[in-house]
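Full structure from sequences and hints, please.
2 protein chains.
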Amino acid sequence: MTLPAEFSFIGRHFRPLSGPGALDLTDDAAVLTPPAGRSLVVAVDAMVEGLHFLPDDPARTIGRKLLRCNLSDLAAMGAAPLGYLLTVSRPPGGDDAWFAAFAAGLADDQATFGLTLLGGDTTSTTGPLVLSLTILGHVAPGQALLRGGARPGDDVWVTGTIGDGAIGLRVLRDGWPDRDGFFADRYRVPRPRLGLALAGIATAAMDISDGLVQDAGHIARASGVGIDIDADRVPRTDRAPEHLELCLTGGDDYELLLTAPRTQAEALRAACHACDVPVTRIGQCVAGRSDVRVWDKAGRPLLFARPGWTHLPDDV
Amino acid sequence: MTLPAEFSFIGRHFRPLSGPGALDLTDDAAVLTPPAGRSLVVAVDAMVEGLHFLPDDPARTIGRKLLRCNLSDLAAMGAAPLGYLLTVSRPPGGDDAWFAAFAAGLADDQATFGLTLLGGDTTSTTGPLVLSLTILGHVAPGQALLRGGARPGDDVWVTGTIGDGAIGLRVLRDGWPDRDGFFADRYRVPRPRLGLALAGIATAAMDISDGLVQDAGHIARASGVGIDIDADRVPRTDRAPEHLELCLTGGDDYELLLTAPRTQAEALRAACHACDVPVTRIGQCVAGRSDVRVWDKAGRPLLFARPGWTHLPDDV
Chain R
1 MTLPAEFSFI GRHFRPLSGP GALDLTDDAA VLTPPAGRSL VVAVDAMVEG LHFLPDDPAR
61 TIGRKLLRCN LSDLAAMGAA PLGYLLTVSR PPGGDDAWFA AFAAGLADDQ ATFGLTLLGG
121 DTTSTTGPLV LSLTILGHVA PGQALLRGGA RPGDDVWVTG TIGDGAIGLR VLRDGWPDRD
181 GFFADRYRVP RPRLGLALAG IATAAMDISD GLVQDAGHIA RASGVGIDID ADRVPRTDRA
241 PEHLELCLTG GDDYELLLTA PRTQAEALRA ACHACDVPVT RIGQCVAGRS DVRVWDKAGR
301 PLLFARPGWT HLPDDV
Chain Z
317 MTLPAEFSFI GRHFRPLSGP GALDLTDDAA VLTPPAGRSL VVAVDAMVEG LHFLPDDPAR
377 TIGRKLLRCN LSDLAAMGAA PLGYLLTVSR PPGGDDAWFA AFAAGLADDQ ATFGLTLLGG
437 DTTSTTGPLV LSLTILGHVA PGQALLRGGA RPGDDVWVTG TIGDGAIGLR VLRDGWPDRD
497 GFFADRYRVP RPRLGLALAG IATAAMDISD GLVQDAGHIA RASGVGIDID ADRVPRTDRA
557 PEHLELCLTG GDDYELLLTA PRTQAEALRA ACHACDVPVT RIGQCVAGRS DVRVWDKAGR
617 PLLFARPGWT HLPDDV
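Residue numbers (the numbering used here), protein chains in the order written: chain R, 1 to 316; chain Z, 317 to 632.
Heads up, a few of these hints could be off.
To be verified - Sample of chain Z residues lacking proximity to chain R, with all beta carbon distances greater than 12 Å (derived):
#, residue
1, P332
2, D424
3, F429
4, L447
5, R463
6, R486
7, R549
8, T553
9, D554
10, V602
11, G604
12, A621
Said to hold, decoys possible - Per the computed footprint, the stretches of chain R lying under chain Z, defined by three or more beta-carbons under 8 Å from a beta-carbon of chain Z, are:
#, segment
13, 16-29
14, 36-43
15, 48-60
16, 118-130
Derived from the structure by calculation, the hints contain no laboratory data. For every residue, glycine included, the Cβ atom is placed at its ideal position computed from N, Cα and C.
Here it is in structure tokens:
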């Protein structure tokens, strides 16, 4: 149900974000024609104040993070963005300036990534602000990068650096030092790795949102391979030995985790470098297991305190 | 961010709802190929506990209502369903049996309407339960029914009966009498009017969710026509004169409001009756205004207490 106050709210903040097919956000649904002969890729993410962002995080980066997390899901599938829908459930007494900044951040990123708002819904809630964003993208049929295609012998790769976002959260939440705001920025404004031409090169892909080790477990289980990671090879901005575990198990990287046969190593590097995206080989897929093991330079296994890194509990 | 507990929750309740393209809800996004040569139709609705449904509403009908409200948006565009995505932000200590019943209701309606779950996200929240559902549908290019096509002289039609849902809410909330549960059921389980072959017949369409008079205002403004409604012609299950205003301005009908030239009257009736959907002519579009006026049998204007029925406030 849309209340009159919502029409004005939508018109003020969100109509300027709407693009072709959105019908000015005034019809029952959006209508768009996807590029001919392409498959559709769709994902949705929700964010809750106090859980996924902090009440004093700048409004301008919150919408950007939500949009970029979804764009990162498209990147993980090798898909290109088409548009998005947004729902906002806001507590009473909301600050209009907050939403103006929130929308301004979205406008910035729409321009950066070439997509527009297709539709949405706004409601009130008695609880904290809840946002959800559905993203639509497209990919050539049969060319989506899935999690289940890794094979024994494949190399394991990551883009960018791992652990910056987790350190950024500590900076913002616990006052860790961050001289130039680098880590805070990495936490607040992830960089979706869109546009890499990895079809036919990578055998599996996903974006790292919940921590490298846990997320590698998804590829391991989906593909039925073991994954061995050389801790020392994992590219980290902060190489402090005491932060190793945090970087390998903390979330909010939004880098890509990729597997590819050794014969594709140069092609994979070239595809990433064509987009100025650093990529690093960090390990290998092995037969006979479907878990993740992390090894130090001396070949000893590293065991992390965080539970669930080699398997998921049956229930919690 | 997906926590281990969420994997189990998703697997238990939502994986059984997933269909082709959903990749078992274990990949970064869903991949689907829309029917060739069709346009895509997308909409999203959010529902919040305590606002859109009551804490003691049966869980089995809550998911169905959310899905059906979205299907009603597709119906209003003349589109057919393709699939949906769901986000659940749930308070701590949630009752697993509640979600089992919620998912069972969705399973029932998936079978009824021929669609499956494509993807989703679950998070926690410290506030009330927040649900959002994104629906995808398809329509022949250029044949989506929009709100802006009504022309002076067009007749105004509604499907089904108007006001049942508003009375149902009074039954459930205020203890109004409801001998056989008819009105409560109409509130809880709306009937999306999918499948009506109205392209080329109706000039404008929308679904009535916020009350006939307010929603007619959307067509009036989008089309630049005045809409005159004969109160006495509006089909109502409860014809009690004292409930007229409630029925015409209350929400939760999820019937279609249609306009069509007089020459299409028989075609419109035939298209609705082919789907066993009652349809009734309730008024006319006129030139020179873009508001909604309701008239009694004696030709006197009916003015309702509820604000905003002829225009929206500039701001609230």
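Going down the list of hints, with the structure as the test:
| no. | hint | in the structure |
| --- | --- | --- |
| 1 | P332 | holds, 16 Å |
| 2 | D424 | holds, 22 Å |
| 3 | F429 | holds, 16 Å |
| 4 | L447 | violated, 9 Å |
| 5 | R463 | violated, 5 Å |
| 6 | R486 | holds, 15 Å |
| 7 | R549 | holds, 24 Å |
| 8 | T553 | holds, 21 Å |
| 9 | D554 | holds, 21 Å |
| 10 | V602 | holds, 21 Å |
| 11 | G604 | holds, 22 Å |
| 12 | A621 | holds, 15 Å |
| 13 | 16-29 | holds (count 5) |
| 14 | 36-43 | holds (count 5) |
| 15 | 48-60 | holds (count 4) |
| 16 | 118-130 | holds (count 12) |
Comparing the model with each earlier hint shows violations of hints 4, 5; every other hint is respected.
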